[in-house]
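Sequence order for the protein chains is A and B.
Each residue of the first sequence is one higher than the one before, counting from 1 in the numbering used here.
Each residue of the second sequence is one higher than the one before, counting from 1 in the numbering used here.
For the record, the hints were derived by calculation from the structure and aren't laboratory data.
Just to be clear, a hint being listed does not mean it is correct.
[As the list claims (entries may be wrong)] List of simulated lysine-lysine pairs, DSS-like, C-alpha gap at most 27 Å:
1) B:K65 to B:K28
2) B:K391 to A:K102
3) B:K209 to A:K125
4) A:K102 to A:K125
5) A:K141 to A:K125
6) A:K232 to A:K102
7) A:K141 to B:K391
8) A:K52 to B:K391
9) A:K110 to B:K28
10) A:K232 to A:K249
11) A:K102 to A:K167
12) A:K167 to A:K110
13) B:K325 to B:K209
14) A:K102 to A:K52
15) B:K22 to B:K40
16) A:K127 to B:K391
17) B:K212 to B:K65
18) A:K223 to A:K184
Computed from a predicted structure; not experimentally measured.
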Amino acid sequence: MIEIRNLHVKIADTDTMILNGVDLTVKAGEVAAIMGPNGSGKSTLSYVMAGKEDYEVTEGDILLNGESILEMEPDERAAAGLFLAFQYPVEIPGVPTMNFLKAAMNSQRKARGQDEFTTPEFIKKVKDAAGRLGISMDMLKRSLNTGFSGGEKKRAEILQMSLLEPKFCVMDETDSGLDIDALKVVSDGVNALRSPERAFLVITHYQRLLEHIVPDSVHVLYKGRIIQSGGKELALQLEEQGYADIIAKAA
Amino acid sequence: MNMQTPITHTAAEEALIAALGKVDSVAKEAAARALAGIEKSGLPTRRVEAWHYTDLRNLLRDYPKPPRAIQSEFSSESLVDLPPLVEGYTLGFSNTFHVIGHLAGMPEGLSGTVGEEALTTTHGVPVEADTIGLINAGLAETGVVLAVQAGVKLAEPVILAHTCADETASNLRHSVRFGEGAQATFIERHHSSITGNFQSVVCNLVLEKGAKAVWVIDQELGVETTRLGQLNVELAEDTDLTILILNAGGRLVRQEVHVAVNGENANLAIKGVNLVGNDSHVDVTTTLTHNVPNTVATELFRNVVPGSGKGVFQGQIRVAQPAQKTDAQMACNTLLLSDEADFSAKPELEIFADDVVCAHGATVADIEDEQLFYLRARGIPERDARALLVKAFVEEVFEDFEDTELAGALVDRIESWLDING
Numbered sequence: 001m002i003e004i005r006n007l008h009v010k011i012a013d014t015d016t017m018i019l020n021g022v023d024l025t026v027k028a029g030e031v032a033a034i035m036g037p038n039g040s041g042k043s044t045l046s047y048v049m050a051g052k053e054d055y056e057v058t059e060g061d062i063l064l065n066g067e068s069i070l071e072m073e074p075d076e077r078a079a080a081g082l083f084l085a086f087q088y089p090v091e092i093p094g095v096p097t098m099n100f101l102k103a104a105m106n107s108q109r110k111a112r113g114q115d116e117f118t119t120p121e122f123i124k125k126v127k128d129a130a131g132r133l134g135i136s137m138d139m140l141k142r143s144l145n146t147g148f149s150g151g152e153k154k155r156a157e158i159l160q161m162s163l164l165e166p167k168f169c170v171m172d173e174t175d176s177g178l179d180i181d182a183l184k185v186v187s188d189g190v191n192a193l194r195s196p197e198r199a200f201l202v203i204t205h206y207q208r209l210l211e212h213i214v215p216d217s218v219h220v221l222y223k224g225r226i227i228q229s230g231g232k233e234l235a236l237q238l239e240e241q242g243y244a245d246i247i248a249k250a251a
Numbered sequence: 001m002n003m004q005t006p007i008t009h010t011a012a013e014e015a016l017i018a019a020l021g022k023v024d025s026v027a028k029e030a031a032a033r034a035l036a037g038i039e040k041s042g043l044p045t046r047r048v049e050a051w052h053y054t055d056l057r058n059l060l061r062d063y064p065k066p067p068r069a070i071q072s073e074f075s076s077e078s079l080v081d082l083p084p085l086v087e088g089y090t091l092g093f094s095n096t097f098h099v100i101g102h103l104a105g106m107p108e109g110l111s112g113t114v115g116e117e118a119l120t121t122t123h124g125v126p127v128e129a130d131t132i133g134l135i136n137a138g139l140a141e142t143g144v145v146l147a148v149q150a151g152v153k154l155a156e157p158v159i160l161a162h163t164c165a166d167e168t169a170s171n172l173r174h175s176v177r178f179g180e181g182a183q184a185t186f187i188e189r190h191h192s193s194i195t196g197n198f199q200s201v202v203c204n205l206v207l208e209k210g211a212k213a214v215w216v217i218d219q220e221l222g223v224e225t226t227r228l229g230q231l232n233v234e235l236a237e238d239t240d241l242t243i244l245i246l247n248a249g250g251r252l253v254r255q256e257v258h259v260a261v262n263g264e265n266a267n268l269a270i271k272g273v274n275l276v277g278n279d280s281h282v283d284v285t286t287t288l289t290h291n292v293p294n295t296v297a298t299e300l301f302r303n304v305v306p307g308s309g310k311g312v313f314q315g316q317i318r319v320a321q322p323a324q325k326t327d328a329q330m331a332c333n334t335l336l337l338s339d340e341a342d343f344s345a346k347p348e349l350e351i352f353a354d355d356v357v358c359a360h361g362a363t364v365a366d367i368e369d370e371q372l373f374y375l376r377a378r379g380i381p382e383r384d385a386r387a388l389l390v391k392a393f394v395e396e397v398f399e400d401f402e403d404t405e406l407a408g409a410l411v412d413r414i415e416s417w418l419d420i421n422g
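In isolation and in its complexed conformation, chain A is listed as follows (with noise of 0.2 Å):
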């Protein structure tokens, strides 16, 4: 699904290396976990496999179902099914939840060469995937994310990402900054959409969003590097033992 080889990125304009040298490969089905302390790049990462211009791509490669999506532009890199949940999702005064959704559905369409959804087969999508979320319409008339609480911005990422269908899904932190009810709602929401043609790349900080999404893979990020690899169970090592173990033996 996802195949990320000898990625070396830095900011752009400047001489700071972030990422190192990343190889990862994440198979259709499968849901990854990144793990590591502050300042590993863990955000970086997910925001080059994005398109952010802020950083440059000095080195290496992503390819997503073996097309390299480096050259592509964000929202071309959305349309070909990559999905960024947010860490922060930004707030978009004066254009409405509902406008927003349409706009970027029907986009992403096009650009496949699909018919737009129309109206009322747009209003049912989001109604059915909404309830399914607690996400009220009363929400989806505000503007995009204005205002809203950080669970229900969490929630309205995780609406995007089941309205929009996307193949490959990076979730970037999406437990930080939620209780432990939004926290299963979301996690809820992320276990539906699992399917063996969907693959997940989760990056958090704790294993507590481990244990609500059970991932197939666990990796270390440190210092712009994956130094260890594993199952589920590598993540209960790091909760119990902390990084300085593995960041010891890698080094």
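Following the hints, position chain B against chain A.
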């Protein structure tokens, strides 16, 4: 020793002097005053404070001929070019017809006359002896004097539709009185498919006790057109007035709004969207004078400059000593979408009362990268994402606007401008 050398007049000044010299109507005296002023000092330059950001002397390239023939017959064909907005009772004015619409079909509760009377009637509004006021007073050929009778609520808007059919000058002067408790919406439309003409329109409004009015200025003139507009308003007690200005055209545009708040519990909102096209100069200058206690005024302007245009906002709020408990808020926010775009904002508070709440804020920014990236990451192409953000920025002005049909129609005009110029 202070010797004043006579100034060398610009082509526009010479043409204005010539036009003013020919006036032989009831406006003759006003014309003579305007002529003397221009002859002596010329048009205002940046050294005149009120015109600091709009150097009229340098910006006004010329003053075109007056219209060839003035007919009093209204032809609805002259309004064919006007894009639809909302339905309403329409009075048309065109610079070749200088029309006068079918006053006969006036809705019940509205009365009025047309012609010379408009040139001298101001309903007692103290018209400032300023450049636009003077030139218009001297050159105005016609206009309407309307009154919404006390207690009447007009169901449909009254539309004053101004179009331009050739490259001539057009100077109009209207007065509208809203009687006690009257309610009505008026829409000044200014539209031309041809360009290169000159237009000055002064409107004088009086709201009597308890009147509630909406006054819209929808300006979509040609890209080479000059427009000098002025709205002079007097508010009595318990009145409620919303002024909504859309500037989406013209090469040189100055829209002045002067409001005297003379009655307690008056509520005033001035909202505006300035869409400044390439090589355009669009200036909105407002002065609010609060003369009595317990009045509220809010001003909100959203401006978009996509290319090489220049925009100006000057907002003056004066609070006289007796006007305690005045609540006046002013905000002017601008999106500059290119490196050549330019906007000057000058808020000005002059407060002589000690128990007031007055605030102003001005921001100038580009589209936020974070917002743009978020939309693009959801599959919305860059051009569409930018358009969405610009629209959202200007359309916030219409929040809380009661007449949603009119708001929607104006938003459509804005979107069509942004589609072409954004």
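Hints and how they fare:
Distance restraint check for K65 (chain B) and K28 (chain B): the Cα-Cα separation of roughly 18 Å lies within the 27 Å cut-off, and the hinted pair is therefore satisfied. For a cut-off of 27 Å, the pair hint linking K391 (chain B) to K102 (chain A) stands: about 16 Å separates their Cα positions. For the hint linking K209 (chain B) to K125 (chain A), the alpha-carbon distance of about 52 Å lies beyond 27 Å, and the restraint is violated. Pair hint K102 (chain A) plus K125 (chain A) holds up; C-alpha atoms about 11 Å apart against a cutoff of 27 Å.
A distance of roughly 15 Å separates the Cα atoms of K141 (chain A) and K125 (chain A); the hinted pair therefore holds under the 27 Å criterion. At roughly 37 Å between alpha-carbon atoms, K232 (chain A) and K102 (chain A) are farther apart than 27 Å, so this suggested pair is violated. For the proposed pair K141 (chain A) and K391 (chain B), the alpha carbon gap of about 17 Å is at most 27 Å, so the pair holds. With a C-alpha separation of about 23 Å, the suggested pair K52 (chain A) and K391 (chain B) falls inside the 27 Å cut-off, and the hint holds.
Simply put, K110 (chain A) and K28 (chain B) have alpha-carbon atoms about 64 Å apart, too far for the 27 Å limit, and the pair is violated. Of the pairs offered as hints, the one joining K232 (chain A) and K249 (chain A) holds, with about 19 Å between alpha carbons and a cut-off of 27 Å not exceeded. Note on K102 (chain A) and K167 (chain A): the hinted pairing holds, with a Cα-Cα distance of about 19 Å set against a maximum of 27 Å. Restraint check for K167 (chain A) and K110 (chain A): the C-alpha separation of about 17 Å stays at or below 27 Å, so the hint holds.
Restraint check for K325 (chain B) and K209 (chain B): the C-alpha separation of about 20 Å stays at or below 27 Å, so the hint holds. In summary, the hint linking K102 (chain A) to K52 (chain A) is supported, as the alpha carbons are separated by about 23 Å, within the 27 Å threshold. With a C-alpha separation of about 18 Å, the suggested pair K22 (chain B) and K40 (chain B) falls inside the 27 Å cut-off, and the hint holds. With a C-alpha separation of about 26 Å, the suggested pair K127 (chain A) and K391 (chain B) falls inside the 27 Å cut-off, and the hint holds.
Proposed proximity of K212 (chain B) and K65 (chain B) is contradicted: the alpha carbons are some 39 Å apart, above 27 Å. In summary, the hint linking K223 (chain A) to K184 (chain A) is not supported, as the alpha carbons are separated by about 31 Å, beyond the 27 Å threshold.
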